[in-house]
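**Q** Here is what each chain is made of, one letter per residue.
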Amino acid sequence: GQQVMQIPQYQHVQEGEDFTTYCNSSTTLSNIQWYKQRPGGHPVFLIQLVKSGEVKKQKRLTFQFGEAKKNSSLHITATQTTDVGTYFCRWRKTSYDKVIFGPGTSLSVIP
Amino acid sequence: ETGVTQSPTHLIKTRGQQVTLRCSSQSGHNTVSWYQQALGQGPQFIFQYYREEENGRGNFPPRFSGLQFPNYSSELNVNALELDDSALYLCASGTMARASAGYTFGSGTRLTVV
Chain A
961 GQQVMQIPQY QHVQEGEDFT TYCNSSTTLS NIQWYKQRPG GHPVFLIQLV KSGEVKKQKR
1021 LTFQFGEAKK NSSLHITATQ TTDVGTYFCR WRKTSYDKVI FGPGTSLSVI P
Chain B
8 ETGVTQSPTH LIKTRGQQVT LRCSSQSGHN TVSWYQQALG QGPQFIFQYY REEENGRGNF
68 PPRFSGLQFP NYSSELNVNA LELDDSALYL CASGTMARAS AGYTFGSGTR LTVV
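Chains A and B supply the protein sequences, listed in that same order. First residue of the first sequence: 961, per our numbering; consecutive thereafter. First residue of the second sequence: 8, per our numbering; consecutive thereafter.
Just chain A, same shape as in the assembly:
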C-alpha cells in the first residue's frame, strides 16, 4: 500500500539553529502539501508543491519537491519559538483517492 514516512519523528533545536524535516513516499506523488499544527491546535496549510524539483520559499521556510516526486523537504532557517509545532506532509493520489498524512515531525525550539 501507499506509505508516507517522515523523519525525524522529533527534533529539538536551539533557537537560531536550522531545522529540516523530510517526507518520503514509496510511490510517485502527484503533488504534496505541508501543514503545521501547533500544540493543542489544528493543522494549518502552508504550501502545495506540484512540479518535479520545485522549490518554494516563505520567509524562513523553504519547501522542496524531489526530482522523482517521491520525497519532499521543509527547511526552516534560524528557528524561532513561534516555529514550535508538528509539521505534516499530506498527499492524495487522485481527487477520489484517500488522503494520506505523514506521521509528522514534532519541532521543539529551546530559547
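A portion of the hints provided could be inaccurate.
No more than 16 Å apart at the CA atoms, straight line, and that leaves these computed lysine to aspartate or glutamate pairs for EDC-like [said to hold, decoys possible]:
hint	chain 1	residue 1	chain 2	residue 2
1	A	Lys1058	B	Glu60
2	A	Lys1017	A	Asp978
3	B	Lys20	B	Asp91
4	A	Lys1058	B	Glu61
5	A	Lys1019	A	Asp1057
6	A	Lys996	A	Asp1043
If you want the footprint, here are the derived chain B segments under chain A, 3+ residues with CB under 8 Å [as the list claims (entries may be wrong)]:
hint	segment
7	61 to 74
8	111 to 119
In case anyone wonders, no lab produced these hints; they're calculated from the structure. A quick note: this is a predicted structure, and the numbers were derived from the prediction, not measured. Don't be surprised by glycine CBs; every beta carbon is placed ideally from N, CA and C.
Fit chain B to the known structure of chain A by using the hints.
**A** Only chain B this time, still in chain A's reference frame:
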C-alpha cells in the same frame, strides 16, 4: 469570511452509543473532509464529500458515515462507539477547483468514549 467551525468542542459518550459531530464549512468552499487524530499521530482520513456526494474514503468501517448539506455544512456520524474511537475529530473544507490553496481545518471535536 468565516472559518471552519465544529461543534461540539468536547463530548463524552459511552461505549455502544451513537454520536453526531457537526462542521460548518468556510464560505465559498464546496468540499469537506473528516479526519480522526489520535494523540501524537497524524490525521487519519475518514472520508470526503464534494457537492453532497462522498468522493473518497479511508480505512474506516461503515459505522462511520457522513452527510454534506446543500449549504456545504457537514455531519460525521459514528454508530456503536468503541473505546478506540476516542480521538480528536477534525473537519477541513476547501474548493475542489482550488486544491492548491489547501484546506482549512476546524478546531476539532474531542471525543472521549468511556
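**Q** With reference to the structure, classify each hint as holding or not holding.
**A** Results for each hint:
1. Lys1058(A) <-> Glu60(B): Judged against 16 Å, a Cα distance of about 15 Å means the pair holds.
2. Lys1017(A) <-> Asp978(A): holds (15 Å)
3. Lys20(B) <-> Asp91(B): holds (12 Å)
4. Lys1058(A) <-> Glu61(B): Cα-Cα ~11 Å, so holds.
5. Lys1019(A) <-> Asp1057(A): Distance of about 32 Å is beyond 16 Å: violated.
6. Lys996(A) <-> Asp1043(A): Holds. Lys996(A) to Asp1043(A) sits at ~9 Å (cutoff 16 Å).
7. 61 to 74: Held - the segment 61 to 74 of chain B has 5 residues with a Cβ nearer than 8 Å to chain A, which meets the minimum of three.
8. 111 to 119: With 5 residues closer than 8 Å to chain A, the segment 111 to 119 of chain B meets the three-residue bar; holds.
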